[in-house]
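Listed in order, the protein sequences are those of chains A and B.
Sequential numbering from 2 applies to the first sequence in the numbering used here.
Sequential numbering from 9 applies to the second sequence in the numbering used here.
You may find that some hints are simply not true.
As the list claims (entries may be wrong) - Below, in silico cross-link-like pairs of lysine-lysine (PhoX-like), each with a Cα-Cα straight-line distance of 25 Å or less:
| # | chain 1 | residue 1 | chain 2 | residue 2 |
| --- | --- | --- | --- | --- |
| 1 | B | Lys390 | A | Lys52 |
| 2 | B | Lys345 | B | Lys422 |
| 3 | A | Lys5 | B | Lys345 |
Claimed, not checked - Distance windows between CB atoms, simulated:
| # | chain 1 | residue 1 | chain 2 | residue 2 | range |
| --- | --- | --- | --- | --- | --- |
| 4 | A | Ile12 | B | Leu334 | 13 to 23 Å |
| 5 | B | Ser75 | A | Ser111 | 52 to 62 Å |
| 6 | A | Pro50 | B | Ser342 | 51 to 61 Å |
Unchecked claim - Sample of chain B residues at the chain A side, in silico, Cβ under 10 Å:
| # | residue |
| --- | --- |
| 7 | Thr372 |
| 8 | Asn399 |
| 9 | Arg530 |
It should be emphasised that the hints constitute simulated quantities derived from the structure, not laboratory data.
For each residue, glycine too, the CB sits at the ideal point set by N, CA and C.
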Amino acid sequence: MTRKQRRLTIIGGSLFVLAVAAALVLNAMRDSIVFFSTPKMVAEKHIQPGKRFRLGGLVQPGSLVRGDNLIVRFEVGDGSAALPVSYQGILPDLFREGQGVVAEGALDASGVFKADTVLAKHDENYMPKDVADALKKQGLWKEEYGGPSKGGNTAARAVQGEQGAVR
Amino acid sequence: MIAESGHYALVLAFGLALIQSTVPILGARWRDFSLMNVARSTAVAQLIFVAASFAALIALHVSSDFSVINVVENSHSMKPLIYKITGVWGNHEGSMLLWVSILALFGGLVAIFGNNLPISLRAHALAVQAWIASAFYLFILMTSNPFLRIANPPIEGQDLNPVLQDIGLAVHPPMLYLGYVGFSISFSFAIAALLEGRIDAAWARWVRPWTLVAWIFLTLGIAMGSYWAYYELGWGGWWFWDPVENASLMPWLAGTALLHSLVVMEKRNALKVWTILLSILAFSLSLLGTFLVRSGVLTSVHAFANDPRRGVFILLILCVFIGGSLSLYILRASSLKQGGLFAPISREGALVLNNLLLTTACATVFVGTLYPLALEVMTGEKISVGAPFFNLTFGPLFVPLLVAVPFGPLLAWKRGDLLGAAQRLIAAGIAALFVMAVVWAWTRGGSTFAPIAIGLALFVIVGAVIDIAERIGLFRLPAGLALRRARGLPRSAWGTMFAHAGVGIALIGIVCETSWNSENIRTMRPGDVTNIAGYGLKLENLTPHQGSNYREMAANFSVLVDGRVIATMSPSKRNFTTRSGASTTEAALLSRGASQLYISLGDIAADGSIAVRIYHKPLVLLIWLGPVFMAFGGILSLSDRRLRVGAPKPAKSMRGLQAAE
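Hey, can you work out the whole structure from these sequences and the hints?
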């Protein structure tokens with residue numbers, strides 16, 4: 002092989018691999034991306050049953066019902082709308098009524114959101130970013146979501162509150 | 009007093025870094041050796057001061073000095089000593105201090121062991137190292153000072169986030185940072201080469217051990233983090249394609265590519281410009297990882313630091329260093345002399361293929377990680393890119409890579425014999441096909457993917473062993489001679505074998521865990537028995553227990569095989585009284601060979617029943633054994649005489665060695 006041919010082989014091979022990768026990425030983008038919605042957006046957009054999405058909002062206080070076989074039902078609301086959710090399994094450690102939650106799954110025919118994952122919050126003053134943004138957009142953001150309202154050392158707390166607000 | 013001294017030491021380190029980043033460059037310009045040598049002394053002094061600063065922060069945490077905000081927010085007087093120490097880097101400020109300490113450590117090591125580097129190369133590299141350090145010192149001093157005092161010290165601290173109170177955390181971040189920051193050395197050398205406009209095979213020989221050290225730590229750090237998530241987060245997942253994990257995977261992929269291209273450059277003096285680019289990319293991706301984790305732009309389990317000022321500052325550092333280095337690269341790369349070309353079918357060709365696939369795979373991870381962010385910034389639409397995306401993109405790119413892995417070492421430099429390599433790999437191919445058939449028959453009706461992937465993994469492992477067997481003439485020559493040849497083989501050859509086999513081992517673990525994981529989620533009362541994968545699990549009782557800064561409820565299980573108790577397992581649920589009722593789930597693990605039983609607890613209901621989650625994870629330990637093999641291979645390769653850190657032989661004798669191979 003001449004120098005030119007060698008170089009062309011290598012360049013051609015590289016372009017081929019890159020093209021394959023681009024095709025894979027575009028293909029995967031089409032099929033495997035999950036959108037995020039709040040209950041209000043669900044009502045407005047008329048999401049089809051069976052289409053997967055992420056639902057975010059606050060667990061409505063008093064809506065949590067535990068059934069047999071670890072089936073739990075609760076409502077996720079965003080102030081203007083609420084959506085019933087059902088989930089089978091163990092809820093994350095920090096799942097609480099009145100706190101933010103993100104669930105992934107799809108609507109069933111009766112309009113109940115069947116979640117197969119309920120995302121864990123790993124810190125008591127951590128609110129999922131999607132939820133915080135959506136709440137802020139709708140003017141429902143409360144400062145105490147930013148951090149636990151515990152007494153003492155106000156300087157540190159003020160910093161944390163600010164952090165919460167930007168999340 | 010300690011806090012002020014620590015702060016002062018940090019400011020001094022910053023000052024030294026500023027000197028180190030300018031004087032040696034001027035020295036190199038004026039060809040003044042004493043000015044160039046300033047780089048060495050300042051690098052060592054900088055290391056001493058930043059180490060003092062870091063020690064001061066540890067002392068503050070250990071003595072629970074609650075007049076310092078950082079200690080108040082992340083410590084508690086009742087916290088066990090080990091977590092008082094590890095808590096130092098369990099928060100944003102402390103982890104950034106660890107970051108610069110490691111940066112200074114690498115700089116100091118180059119200064120101390122770099123005696124036989126050309127003096128101007130060393131001056132340039134250490135100056136570039138100091139640019140990075142200055143930027144990060146400034147970042148810490150301006151936005152994340154860990155030594156800030158508080159006006160009204162509280163009596164007690166707020167304690168460290170309970171999920172972080174774990175021995176895994178003691179090891180994971182320092183390892184990961186040693187990896188991330190270690191790539192700064194190859195970056196600095198690459199920039200130094202561009203500044204000098206000179207690069208040769210010797211450059212690769214100096215850079216390779218440093219890159220190898222960084223790569224070893226990064227490999228172990230990623231594996232450690234994955235194992236930590238597996239047992240601490242309580243749901244048995246070991247890789248989530250979480251942006252923070254991707255942030256560590258991207259530099260690893262680029263670094264792995266860099267290690268391989270450095271070999272080509274060292275042996276054949278080719279791929280120079282590409283190697284420089286990879287050095288820049290590997291460290292840029294490390295910086296990107298630091299940005300993603302530390303700025304809080306992402307929602308993820310690691311986001312314990314959030315402050316827009318910090319985010320903007322790190323973004324600025326990111327832009328300056330990545331933008332600056334790439335601009336310099338564009339300006340100067342063409343002036344570097346190109347090396348020789350080679351046939352596509354050759355060892356070099358195989359390594360180019362390796363680089364191509366690794367960097368492309370890295371690019372897909374990059375797209376998947378940053379696309380949601382970009383989309384949100386531009387359109388406001390929120391999406392999540394999860395495991396399905398990466399399985400569809402990263403997976404297919406790794407298949408040809410794994411097929412090619414065993415061929416690489418069997419091909420000769422310059423012009424290889426593909427047919428000959430294939431013939432030598434027939435045994436591996438047969439073994440792979442055989443195992444594929446057996447697994448397929450055994451799990452009939454299951455996924456077709458699993459047997460194929462296991463066959464592929466076996467092909468990689470057997471292929472790695474065959475390479476060594478061929479080289480020492482195992483079974484071809486008398487055993488004694490083969491043994492002697494095995495002893496004479498360069499350690500880097502053994503390193504290659506272990507690292508490549510490690511990839512196959514990890515793949516077997518990954519496939520077995522994802523394909524044949526069994527799960528049993530239910531509520532149990534004391535006395536109940538449930539079954540999983542041939543094991544019986546009996547819940548004996550629930551016992552409360554008081555820890556130093558938490559209360560826990562442990563559930564005691566007996567593990568039964570054929571009605572006989574073989575072990576007990578006690579998962580627990582901890583409530584941290586010190587941190588407003590935060591709770592964690594401590595999973596219990598029982599290893600049986602490389603497989604594990606995994607129990608974690610859910611809520612305790614009012615009627616005394618408890619929700620449990622039981623998994624049987626076949627061969628799951630191989631997932632982490634693989635990276636351990638890879639790292640061991642790296643260590644072997646590092647101990648190779650030719651590559652001992654800082655001890656490159658003069659070019660002439662190297663050539664002789666090279667010809668002998």
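Here is what the structure says about each hint:
1. Lys390(B) - Lys52(A): holds (16 Å)
2. Lys345(B) - Lys422(B): The given pair, whose Cα atoms are some 19 Å apart, holds under the 25 Å limit.
3. Lys5(A) - Lys345(B): holds (18 Å)
4. Ile12(A) - Leu334(B): 13 to 23 Å: About 21 Å separates the Cβ atoms of Ile12(A) and Leu334(B), which means 13 to 23 Å holds.
5. Ser75(B) - Ser111(A): 52 to 62 Å: Holds - the Cβ-Cβ distance for Ser75(B) and Ser111(A), about 59 Å, lies within 52 to 62 Å.
6. Pro50(A) - Ser342(B): 51 to 61 Å: Since Pro50(A) and Ser342(B) have Cβ atoms about 58 Å apart, the given range 51 to 61 Å holds.
7. Thr372: Holds - the Cβ of Thr372(B) comes within 10 Å of chain A, reaching about 6 Å at its closest.
8. Asn399: Check passed: Cβ of Asn399(B) comes within 8 Å of chain A, closer than 10 Å.
9. Arg530: holds (7 Å)
Comparing the model with each numbered hint stated earlier shows that all of them hold.
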